[in-house]
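Asks: In order, the protein sequence lines correspond to chains H and E.
Its first residue numbered 1, the first sequence is counted upward by one per residue in the UniProt record's numbering.
Its first residue numbered 1, the second sequence is counted upward by one per residue in the UniProt record's numbering.
No lab work stands behind these hints, which were simulated from the structure alone.
Predicted model, so just to flag it, every value in this text is computed and none were measured.
Beta carbons: idealized from backbone N, C-alpha and C, even for Gly.
One thing to keep in mind: the hints can contain errors.
Mimicking DSS-like on lysine-lysine, the simulated pairs with C-alpha atoms at most 27 Å apart in a straight line are [stated by the list, open to error]: (1) H:Lys-460 to H:Lys-439; (2) E:Lys-50 to H:Lys-398; (3) E:Lys-399 to H:Lys-374; (4) H:Lys-398 to E:Lys-441; (5) E:Lys-408 to E:Lys-57; (6) H:Lys-398 to E:Lys-448; (7) H:Lys-353 to E:Lys-392; (8) H:Lys-374 to E:Lys-392; (9) E:Lys-240 to E:Lys-289; (10) E:Lys-441 to H:Lys-20; (11) H:Lys-348 to E:Lys-57; (12) E:Lys-448 to H:Lys-9; (13) H:Lys-439 to H:Lys-470; (14) H:Lys-348 to E:Lys-369; (15) E:Lys-280 to E:Lys-447; (16) H:Lys-353 to H:Lys-340; (17) E:Lys-57 to E:Lys-333; (18) E:Lys-50 to H:Lys-353; (19) H:Lys-398 to E:Lys-57; (20) E:Lys-320 to E:Lys-363; (21) E:Lys-50 to E:Lys-369; (22) H:Lys-348 to E:Lys-50; (23) E:Lys-289 to E:Lys-50; (24) E:Lys-399 to H:Lys-348; (25) E:Lys-156 to E:Lys-289; (26) E:Lys-280 to H:Lys-398; (27) E:Lys-156 to E:Lys-113; (28) E:Lys-412 to E:Lys-50; (29) E:Lys-363 to E:Lys-50; (30) H:Lys-348 to E:Lys-392; (31) H:Lys-353 to E:Lys-399; (32) E:Lys-113 to E:Lys-289; (33) E:Lys-447 to H:Lys-398; (34) E:Lys-280 to E:Lys-57.
Pair by pair, the computed Cβ-Cβ distance ranges are [what the hints assert, rightly or not]: (35) H:Glu-25 to E:Ala-380: 33 to 43 Å; (36) H:Ala-486 to E:Arg-322: 22 to 32 Å; (37) E:Met-393 to H:Asp-352: 17 to 27 Å; (38) E:Thr-374 to H:Leu-369: 34 to 44 Å.
Below are the chains, spelled out letter by letter.
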Amino acid sequence: MEVEGEMDKTWRISQDEIVKEVGAEAARGRREMVLDGGPYRSRYTRNGRHMAIVGLKGHVATFDWRTGTMHSELQLQETCRDITFLQDHSHFAVAQSKYVFIYDRDGVELHRLKSHVEPTRLEFLPFHWLLATVGNAGYLKYQDTSTGQLVAEHRTKLGACTTMTQNQHNAVIHLGHQNGTVTLWTPNLPHPAVRLLAHLGPVCSVAVDPSAGGRYMATAGEDGIVKVWDCRNWKGAVRQWAARGGNGEVGWSQRGYLSVASGGSVYARPSIHETFPGTSPPPLYLTHPIPHRPLRSIRFCPYQDILSIGHSAGLSNILVPGSGEPNFDSAEADPFENKKARREREVKTLLDKIQPDMIALDPEFIGSLAPPSKLTTGGTDVPFARLPRLERLRVQGKADETEEASDHEGDAANGENGKKADREEREKRKMRGKGKSLKRYLRKQRKNVIDPKAVAIRAKLEKERNERKKAREAANGVPKDHKPSALDRFKRPP
Amino acid sequence: MVKLSVLQHAPSTHLPARPGDPTPTHRNLDPLAHPFARARERTRALNAAKMERMFAKPFVAALEGHVDAVEVMARRPDSVTDVASGSWDGEIIVHNLAQRKHLSKIPGAHNGKLSGLCWADENRILSCGVDRNIKMWDVRTSSQAENPEAGPSETKPLAVFPGKYSFSSIDHHRTDPLFATASSIVQVWDETKSAPVMDITFSTSAETVTGISFNASEPSVLASIGSDRTFTLYDVRTGKAERRLVMQMRSNDLSWSPTYPTVILLASEDHNLYTFDIRKLNSASQVYKAHVAAVTSCDWSPTGTEFVSGGWDRTVRIWKERQGTHPEVYHTKRMQRVLSTAFTADARFVLSGSDDGNVRVWKANASEKLGIVTARERAAIEYRETLKDRWKMDTQVGKVQRSRHIPKPVYKAGELKRTMLEAQRVKEERRRKHTRAGENKPKAERKKVVVAEQT
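For reference, chain E alone in the conformation it holds in the complex:
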């Protein structure tokens, strides 16, 4: 007798049970059933990388209103959409990003350049300028959107704090009604008093302090940068400067990391950005190199994993934390020197204020799709992300992922900069080779930036 079995598929099990049902699918996980699985996956990864570059359209909107360069921007606490900006003609505008309109407009808030801007709370703005005044505004009363007839002379500040020197920066304490200002000295003010409550300038400091910022999680710690190439740490509780760092070149902007309270980011005049751990100030924890001119501003994303910087080279760059090269680079033909940058509170958008008087809104992730994303679309996007990450070491995929088009002047400047640095390096090497061994040791790039640490 013989045992026989011949393969037969019952068609009913492979067809949908009722009309409208999904067709049943079957899987065979045997690798032999999937020839060229690797090659096909690589093709998919390459396509995904190309698609990412194809859909990289980061520019969202330009918010007009200012007639001069936008010097500072500050986002409203507890708001995703609102951001205040101040310009060189002394005007303050509060923008709503979602509706792309002005919530309020304070023309002529200061005589001359408005140099510092911060939010005291939900509704009050503190601003300072070169006219030696600090002014506090209520954005609700100054709302021009509600009564457009109200002229610029109608808006009156809530309070005016007169100072002796022209101010360059201002920042408010996170919880207390205190704020600090930077001029040629560093002062701490109380909102209820018209004179500064303390002067915490570093004892030997003689030059202008250009930027100041309170730490968010240790709110009494204050950091400042100055035109004498220094970075200084203060404590409001002790009322004095704690530590000072002298660097090779001056910094233009500073920003505390929102997730690591000890980490601070400095935008330096030497085209680089540096992060410092304030517990260990003798070397930077990371150098970020890509700008081809001075970096004028920087701001962390609220997630703390990336940050944005704007430079004199007319580009905005978005960096991953701890990744010192290959940032995302944004540019437009009409965007001039970028003076201020900010991340929005949802970390999805980046703002840049530039010399041409526009505030521009960019996507933080250039190829992100705005609007409703369906579940299938989301799954496909995530699959493509995984593929790109998995195949990023492939020559072709990596090349597509890394390539960016940048304006010719920026490219040429980068080329020139590379040549100069290379020549410098070669000269250094030769000099080292012809001096006595061990006399002229190479210094780490991260330590090079620090000249002296003072207490």
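With the rest of the complex left out, here is chain H:
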């Protein structure tokens, strides 16, 4: 979306105008769903084709939003706090008042997960087949949905938690707590990998940017401030500003558009990664006023320019031009896949399931070199025959150390110190030979002090050197009174 004049602003453009401009297929994304039963939350499948909604009073529905095919609709008659799809739209999990329940596509209850008590938020890690839940008791639990085992159970010790998100690129779970901290969890660590004091009040929403490889995290707090953090360096927020109305929800799109639902309106802003010292909000891209409070969830639809906002009167889907990733990969997530492809992909992803203990803050540690061991084996006398080849060559003095030598030269070029060390080395070598004490004596004499004794010795040495030179020349057959000339080099050797 671009405007022409300086004075025009994109955020002034309303949804009606956008719908009028765009094609019919795209305009189907704009939709108002008026539903009763409390603030709604929504979730898309990974390919963006199917949508699941849940109302606080227990209304659950899953459907293909593009064609409008309803898969299941349930009235659960109890408090339902969150919903998530599992590997695809064929299963979904609902966080109900006491436990987590798993339903299949048609809404048939398959499992009741009794170990997840009073859950508030759900996340599904698709590559690890883990369902992560956090509840009012403050326990973070990981359940493997392929084997059914409870993989890990972490006590956060920070009370009830109502904010949870996952980083899609390293499968780390981000939790926001009532005391303003944000903690990052992996199944293999009993304590948070990162603990961060983000806000002065409770944290009400956390989101991770999928466009930059999970590098940025946005948090919104009850104190009405939105902060953007760099996940590689936690020293202070990259940018922070006060959102109007406070108590906002944040969400990132696939192309890096951040949406903030606070008070009664939604903003979407691209390119807010630059560090900014002030507290002014970044330039607005789009606004959409919604009169129904509270706004409980905000989700971008993958591979579409659609933002779905859940509020007390239902859901509104609005168009945010440019927010969705246009190029999908059929091997990863295909919005147009048929039944056969879906089944095949399910089997493939199950075969490629990553073990839960491989989750770490840096996912690239797999396949990289192991860090050098901190244990030292000093003092052991390794026999020559058992030494590695390079060590054996080094002992024999045959090792090719040219690379290290060049490094050493580089050091010498860098600093005066290295050069000096080099000279000292040479001097030390030089002294290995005859007349050691005499030479050392001469070296020690300062050159600018004229000492008759030293002068005499120098003259004597000079004389000896000349005699030796003459003897050598005589041995080589050079005539005695020969003056050296440049043409000597062309002479044939005798």
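Add chain E to chain H, keeping to what the hints say.
Replies: Same frame as chain H, but now just chain E:
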């Protein structure tokens, strides 16, 4: 005015144009579109390694027929399926591997042990035994499959070459009608003459020569091994022994590399195999260590990239050339000491003849699928191979790839051997430490095996 564009996918471009067409697929090569690509690939590699071990069922068939230990095997020239085997009761059987039946059977070809067997051409076999005779057979006339009524006495050799000593090995020249025999002397015979044409024994050799082999690409070069721990090279053109190598322990079998004419493989009594470059005999070019008892036989694959060896430890091992450890190891409960091994001409199968009188057929690649492999299957296999190769340095993947189940006696023997070698090494180190510096230098393992080189 405002320029607006909202993403919209046209469903028609993502659906097959006609029913039956493949669904169009789309690729996005942005690494961010493929989270956990490395971790997932590692999982795939681990699965591939596990699948390889799961499908490793190398045993194909046991070819029965012999009533005593199978001493020698020789594959028929220009044939993929046919192989001749000779046993200690003096019987020769020509097997067809594809049909798993006997093409011909010559019972009582020799009195006592049959010690050497080779093909003179497509249809004639030369055999020698401890009964001091060399016999030439025509496998077409001796075919028992055609007339099963024909008794063993019916088969007559084409020719008999009487010798003075009991023979231990025989090999035919690649092109000329010549063959060489090993007994206590090395003789060269002409097919048309009943007496040897030359005696090319090394001048100071007094012991039995146990194995003999012509080089394939330099056909007049001949190599032999003897019970006096020697390896000798001869030239038929000059008619004399050219060079001799005395080693620490005797060799039991020898085989020329089919692709590197200068390379020869020796199966040694000291549990190791050695390759030598005959241009440089003062050290072995590679030592192959894994057997836990004497290696009794060896044979190169026709590709020259791997070879098979059979040992007194009742195992068959398949080695990659230049890779001195971790061979593929095959064993069965009923297989006894392996006396002879051979690769088939298509390099897909390995044969082992053992003390229990059976010739066993194994796959050269344990997890290979026999039968028709479709293009998709082939692509998947190749992808898995690449994955395994790429991730072999990963601890888990490498461990799965390397692990082999071996029989308990073999494992225990290996453990004992390791302990003994370690003790020897420690003793050597201590001895070195307490002698004058430089007096007792360590000797390279490859040079240790050579005692003397004589011309």
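Asks: Any hints this thing doesn't respect? Which numbers, in order?
Replies: Checked against the structure, the hints that fail are numbers 2, 9, 10, 12, 19, 25, 32, 34 and 36, while the rest are satisfied.
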